[in-house]
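Engineer: Same order as they appear, the protein sequences are chains R and A.
First residue of the first sequence? That's 1 in our numbering, and the numbers climb one at a time after it.
First residue of the second sequence? That's 1 in our numbering, and the numbers climb one at a time after it.
Since the hints were made in silico from the structure, they are not lab data.
DEER-style ranges, computed between Cβ atoms:
#1 A:H88 <-> R:D37: 36 to 44 Å
#2 A:E177 <-> R:T85: 42 to 50 Å
#3 R:L25 <-> A:T85: 30 to 38 Å
#4 A:Q264 <-> R:G193: 56 to 64 Å
#5 R:H154 <-> A:K4: 30 to 38 Å
#6 R:K181 <-> A:T26: 33 to 41 Å
#7 R:Y81 <-> A:H31: 36 to 44 Å
Glycine is no exception: its CB is placed at the ideal position from the N, C-alpha and C atoms.
Number of protein chains: 2
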Amino acid sequence: MNRKQLVKQIFDKKTFLCVGLDVDLTKIPQHLLKADDPIFAFNKAIIDATAPYCVAYKPNLAFYECYGLKGMAAFEKTVDYLKTTYPHHFIIADAKRGDIGNTSRMYARTFFQEYDLDALTVAPYMGEDSIKPFLEYDRKWVVLLALTSNKGSHDFQLTTAENGRQLFEHVLLRSLEWGNKENMMYVVGATQGKMFQAVRKIVPEHFLLVPGVGAQGGSLQEVCKYGMTQDCGLLVNSSRGIIYASQGYDFAEKAAESAKALQQEMAIELLR
Amino acid sequence: MNRKQLVKQIFDKKTFLCVGLDVDLTKIPQHLLKADDPIFAFNKAIIDATAPYCVAYKPNLAFYECYGLKGMAAFEKTVDYLKTTYPHHFIIADAKRGDIGNTSRMYARTFFQEYDLDALTVAPYMGEDSIKPFLEYDRKWVVLLALTSNKGSHDFQLTTAENGRQLFEHVLLRSLEWGNKENMMYVVGATQGKMFQAVRKIVPEHFLLVPGVGAQGGSLQEVCKYGMTQDCGLLVNSSRGIIYASQGYDFAEKAAESAKALQQEMAIELLR
Numbered sequence: 001m002n003r004k005q006l007v008k009q010i011f012d013k014k015t016f017l018c019v020g021l022d023v024d025l026t027k028i029p030q031h032l033l034k035a036d037d038p039i040f041a042f043n044k045a046i047i048d049a050t051a052p053y054c055v056a057y058k059p060n061l062a063f064y065e066c067y068g069l070k071g072m073a074a075f076e077k078t079v080d081y082l083k084t085t086y087p088h089h090f091i092i093a094d095a096k097r098g099d100i101g102n103t104s105r106m107y108a109r110t111f112f113q114e115y116d117l118d119a120l121t122v123a124p125y126m127g128e129d130s131i132k133p134f135l136e137y138d139r140k141w142v143v144l145l146a147l148t149s150n151k152g153s154h155d156f157q158l159t160t161a162e163n164g165r166q167l168f169e170h171v172l173l174r175s176l177e178w179g180n181k182e183n184m185m186y187v188v189g190a191t192q193g194k195m196f197q198a199v200r201k202i203v204p205e206h207f208l209l210v211p212g213v214g215a216q217g218g219s220l221q222e223v224c225k226y227g228m229t230q231d232c233g234l235l236v237n238s239s240r241g242i243i244y245a246s247q248g249y250d251f252a253e254k255a256a257e258s259a260k261a262l263q264q265e266m267a268i269e270l271l272r
Numbered sequence: 001m002n003r004k005q006l007v008k009q010i011f012d013k014k015t016f017l018c019v020g021l022d023v024d025l026t027k028i029p030q031h032l033l034k035a036d037d038p039i040f041a042f043n044k045a046i047i048d049a050t051a052p053y054c055v056a057y058k059p060n061l062a063f064y065e066c067y068g069l070k071g072m073a074a075f076e077k078t079v080d081y082l083k084t085t086y087p088h089h090f091i092i093a094d095a096k097r098g099d100i101g102n103t104s105r106m107y108a109r110t111f112f113q114e115y116d117l118d119a120l121t122v123a124p125y126m127g128e129d130s131i132k133p134f135l136e137y138d139r140k141w142v143v144l145l146a147l148t149s150n151k152g153s154h155d156f157q158l159t160t161a162e163n164g165r166q167l168f169e170h171v172l173l174r175s176l177e178w179g180n181k182e183n184m185m186y187v188v189g190a191t192q193g194k195m196f197q198a199v200r201k202i203v204p205e206h207f208l209l210v211p212g213v214g215a216q217g218g219s220l221q222e223v224c225k226y227g228m229t230q231d232c233g234l235l236v237n238s239s240r241g242i243i244y245a246s247q248g249y250d251f252a253e254k255a256a257e258s259a260k261a262l263q264q265e266m267a268i269e270l271l272r
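Turn these sequences into a full structure, and let the hints steer you where they fit.
Structural biologist: Laid out in structure tokens, this is it:
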């Protein structure tokens, strides 16, 4: 999906919600464990319930890999289901990959060619040749880690260099030499509050993928105040707050309610 | 495997070679493509041929994931084969993972519990809570990216902070607060030459996993001169130089020759 199509979806549906599909078998309704493929059964119900209220889905690979081949089969089925049933939803593989050039090329092939997903999260530590192979695909996106939502973001990302720039600013600036607002987004955690202003000084128009609203404590209003652009420029992710809204038979219904509540807040933000 | 056992293997076998299992179906002998599982057929032959000359194997997950479920099945078979046939070899999953705490916990479970591997490469960008979950397992190792072998290592890892420290030095120093020489190693590329001195100033005794000898141009002698410790402290990896030494019917024989040549150089270094 290209930028124009994504922006159109956002304004047509009045939402910039991304639903994180982080499926943990210990947290899903226990009656689903009897299904042939509990992970897929859960995902399918969550997707059908939330699709009207979101523009993107973000399966987190860790939660599929940990169940071995069965987990990866459930991942593939989920992706297939999304692509055939909801072809206008943007799909982000949250995998935080990044390796030397020839290895990153293999990862790019996996996620952009084999699975044909829209975007992949990538870690910047290894620099240019670890990121560029992902930028060679048309209408595919790198979502580069910039300023993450966790406490550990303070360890290195906020280190100040000799030139006065913090590491995440250096990452943003360098990455502008590799990609552009049509093929690169950045992860900026909702928990970072006013730091969105520093991010927007360097990347005023790029899309930001924003985790950390909900379970991690970030505020949607603050994110929008400091991060929103004319064509929105935000994909705000919620995982646990939506998919585990209930652990009973009404899980899909409650997930829809949670997603709808966020969508309604987002509709207001889009009108400001 | 714990540190003492690893060191014993190194001195008993007079080698600190790690063989990288980066299987690319376009590069393996074409007659293997007829096998039921060409990736596993290739790995099994390479492992049997090189086991006497190395102490560790490092499958790179990118090269398995890119073949989807078949690739991951080949990865599992390779790991099973290693664990049952060569239980004294140290196995490193080269996956460069790292995410917020609850996600890193899932990755740790996958690689240390499900697959029961010895070590996993981890990227430091997201800081403490992205790394600590991997350190909660007994006799398992985090191999943290410090100073990688690729050109992109210059983009961020060598950035100098206000306090005069380069980012990789800051990563080393911070990580000493989380792990120790019994559960943490560092990736330092063979191409970094004299920079090994700067690394050793901060981590004089930790094991270093050293890629970049061979195809990437690093020198074994230089690595040993600046990086070796009293109990070796090095695992030097070679992937392409060994596994693709020949693409004909003699591929396993040639892989053994390449591995043996490196082992013999290593035996000399261990005697210095």
